[in-house]
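Chemist: Going down the list, the protein sequences come from chains P and B.
Read left to right, the first sequence gives residues 1 to 264 (this note's numbering).
Read left to right, the second sequence gives residues 1 to 197 (this note's numbering).
Derived from the structure by calculation, the hints contain no laboratory data.
Cβ atoms here follow ideal geometry from the backbone N, Cα and C, with glycine treated the same way.
Treat the hints loosely; a few may be bogus.
What the hints assert, rightly or not - Not everything, but these chain B residues come out facing chain P in the computed CB check (under 10 Å):
1) R29
2) Y76
3) V134
4) Q144
What the hints assert, rightly or not - Residues of chain B placed beyond 10 Å of chain P at every Cβ, according to the derived structure:
5) S15
6) T17
7) R50
8) Y72
9) A74
10) S80
11) I89
12) R99
13) K174
14) K182
15) S185
16) G193
Next come the chains, spelled out residue by residue.
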Amino acid sequence: MTCERTQEKFADYLTGDLDEKGRSEVQKHLLDCSACREDLENLTVVWAKLGVLPEEQPGSAVRSRFYAMLEDYKAAQPVGSKSRWTDWFTFRRPAFAASFSAFLLLLGVGAGWFLTGARPGGEKYASLSREVQDMRQQVALSLLSKPSASDRIQGVSYSAEVKNPNDTTLAALFKAVDSDPNPNVRLAALDALYLFRDRPGVRETLVKSLSVQSYPLVQVALIDFLVEVRETRAIEALKKLIDAGELTPEVKKRAEQGLKQITV
Amino acid sequence: MNADHSEKEKTGRMSPTDNELMEAVRDGRVEKLAVLFERYQTMLYNFFLRLTGNRAASEDLVQEVFVRVLKYRAGYLGDSRFNVWLFQIARNAHIDHLRKQKPALSLDGQFVEVPSHEPQPDTAYENDREAELVRRALDRLPVQKREILVLFRFQNLKLREIAELMGVQVGTVKAQVHRALKDLSRIYLELQGGNVS
Numbered sequence: 001m002t003c004e005r006t007q008e009k010f011a012d013y014l015t016g017d018l019d020e021k022g023r024s025e026v027q028k029h030l031l032d033c034s035a036c037r038e039d040l041e042n043l044t045v046v047w048a049k050l051g052v053l054p055e056e057q058p059g060s061a062v063r064s065r066f067y068a069m070l071e072d073y074k075a076a077q078p079v080g081s082k083s084r085w086t087d088w089f090t091f092r093r094p095a096f097a098a099s100f101s102a103f104l105l106l107l108g109v110g111a112g113w114f115l116t117g118a119r120p121g122g123e124k125y126a127s128l129s130r131e132v133q134d135m136r137q138q139v140a141l142s143l144l145s146k147p148s149a150s151d152r153i154q155g156v157s158y159s160a161e162v163k164n165p166n167d168t169t170l171a172a173l174f175k176a177v178d179s180d181p182n183p184n185v186r187l188a189a190l191d192a193l194y195l196f197r198d199r200p201g202v203r204e205t206l207v208k209s210l211s212v213q214s215y216p217l218v219q220v221a222l223i224d225f226l227v228e229v230r231e232t233r234a235i236e237a238l239k240k241l242i243d244a245g246e247l248t249p250e251v252k253k254r255a256e257q258g259l260k261q262i263t264v
Numbered sequence: 001m002n003a004d005h006s007e008k009e010k011t012g013r014m015s016p017t018d019n020e021l022m023e024a025v026r027d028g029r030v031e032k033l034a035v036l037f038e039r040y041q042t043m044l045y046n047f048f049l050r051l052t053g054n055r056a057a058s059e060d061l062v063q064e065v066f067v068r069v070l071k072y073r074a075g076y077l078g079d080s081r082f083n084v085w086l087f088q089i090a091r092n093a094h095i096d097h098l099r100k101q102k103p104a105l106s107l108d109g110q111f112v113e114v115p116s117h118e119p120q121p122d123t124a125y126e127n128d129r130e131a132e133l134v135r136r137a138l139d140r141l142p143v144q145k146r147e148i149l150v151l152f153r154f155q156n157l158k159l160r161e162i163a164e165l166m167g168v169q170v171g172t173v174k175a176q177v178h179r180a181l182k183d184l185s186r187i188y189l190e191l192q193g194g195n196v197s
C-alpha cells in the first residue's frame with residue numbers, strides 16, 4: 001500500500017472505525033515506512049490532546065430565550081379554524097345572497113363545522129398546550145437537580161410558569177424549600193409555591209416546613225406566606241416555634257406578630 | 001454523544017427519534033422542537049464555541065439555529081439524518097456570523113474568557129493550561145480545517161455524514177481530516193515550544 005492510501009485511513013484508524021483488514025494493512029505499511037509511522041504518532045498525540053478540551057454548558061439564558069421564541073412563534077401561528085371562518089364569509093357570501101338554497105347549504109356546512117369541526121381543533125390545542133406544560137415540568141425538574149444554584153433558581157422559575165404542576169413538581173419545590181443548601185433557592189421555591197397556594201396539600205406541607213426550616217430569612221418568608229393565606233393550622237406550629245426558644249429575635253418577633261394576625 | 005448510538009438508544013426506549021420529532025415540527029406540532037432543543041443545545045453550543053471561541057456569540061448562534069429550524073421546517077424532507085440537516089443549518093449560521101465579523105479581529109483575541117466563580121484546585125491547573133494551548137492551536141487553524149476537525153472529533157459525525165454535509169466525496173473528507181490534524185499538530189508543537197518556561 002502506498003503512503004497516500006495509508007494516510008487516507010488514518011482518520012478511521014484514530015476513531016477505531018477501521019476494520020481488521022484495513023488495520024493490518026496500515027500496520028504492515030508502518031513497519032516499512034518511518035515517515036508514515038512518525039506521522040501517525042504525531043496525529044495520535046494531537047488527537048488525544050483534543051480530548052482535554054472540556055464540554056461546556058451553555059448559560060441558562062439560552063434555554064429561556066429558546067422557550068420565549070417558541071411561545072412567540074406558536075402565538076403568531078394562524079389558527080386553522082379561524083381562516084376557515086374567514087374563507088366562508090369572504091368568498092361564499094355572494095352565493096349566499098344569490099340563492100336561498102346556497103344559503104341553507106352554507107348554514108348547514110357552517111353549523112356542521114361549528115358543532116363538530118371546532119371541537120377537535122380545541123382538543124388539539126389543549127393537547128399541544130399540555131405537551132408544552134409537560135416539557136416545562138421536565139426541564140424544571142432537571143434544573144432543580146443541578147449542582148449550580150443559579151440553575152436550580154431557573155428550575156424554580158420554570159415550574160412557576162406551569163399552569164397546573166403535577167405532584168412531582170410540587171414535591172421538588174417543597175424539597176427545595178426545606179433542604180436546598182442555598183437560601184435564595186429556598187426563597188424562590190416558596191414564591192413559586194405561593195402561586196399554587198390553593199392546591200390541596202400545599203399549605204399543610206408548608207406548615208410542617210416551619211418546624212424544619214433553619215434559615216431565618218426563609219422562616220420569615222414562610223410566616224409571611226401562612227399569614228397571607230390566613231392558614232389557621234399554622235397557629236399551633238407557630239406557638240411551638242416561639243416556645244422552643246431557638247428563633248432569632250427578628251424571627252421570633254415576626255412569629256408573634258403573625259400569630260396575632262392569623263388569630264384576629 | 002454518538003448520534004447513531006443515541007438514536008438506537010432512543011428507539012430502544014421507545015422515545016421518538018430525532019427524525020420523528022422533526023417531522024412532527026414540520027407538520028405543525030412546533031412544540032416538539034423543545035425536545036430537539038434539549039437534545040442538541042449543548043452539542044451545538046460546543047460546536048460554535050470551538051469555532052468562534054466566544055461564549056456570547058455561541059449562545060446567540062444556538063438561538064439562531066433554532067429560529068432557522070422553525071423558518072425552514074417545511075423544507076425538512078426526512079430523507080437524510082436529522083443531525084446532518086441540523087449541522088447544515090448550523091454551518092450556514094456560522095458562515096453568516098463570520099461575514100458580519102470584523103476581519104481584523106485576531107484569532108487569539110476571540111476566546112473571551114469568563115472568570116470562573118469556583119476556586120481553581122491546583123490539580124486542575126495543568127489540565128487547564130493544556131486545554132488553553134489546544135484551544136489556541138485550534139484557533140490558529142484556517143476556519144475550514146477547524147470546522148472539519150470539530151465536526152469529526154467533537155460532534156461525532158461520521159466521515160460519510162461530514163461528506164454529505166459538505167457536499168464532497170468521503171475520500172476528500174478523509175484527506176482533509178488528515179491535513180487538518182497534521183497542521184494542528186505542527187501549530188501545537190510550535191505553541192508548546194513558545195510556552196516552555
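Chemist: Indicate, hint by hint, whether the structure satisfies it.
Modeler: Status of the hints after comparison with the structure:
| no. | hint | verdict |
| --- | --- | --- |
| 1 | R29 | holds, 7 Å |
| 2 | Y76 | violated, 16 Å |
| 3 | V134 | holds, 5 Å |
| 4 | Q144 | violated, 16 Å |
| 5 | S15 | holds, 12 Å |
| 6 | T17 | holds, 17 Å |
| 7 | R50 | violated, 7 Å |
| 8 | Y72 | holds, 13 Å |
| 9 | A74 | holds, 13 Å |
| 10 | S80 | holds, 20 Å |
| 11 | I89 | holds, 15 Å |
| 12 | R99 | holds, 23 Å |
| 13 | K174 | violated, 5 Å |
| 14 | K182 | violated, 7 Å |
| 15 | S185 | violated, 4 Å |
| 16 | G193 | holds, 14 Å |
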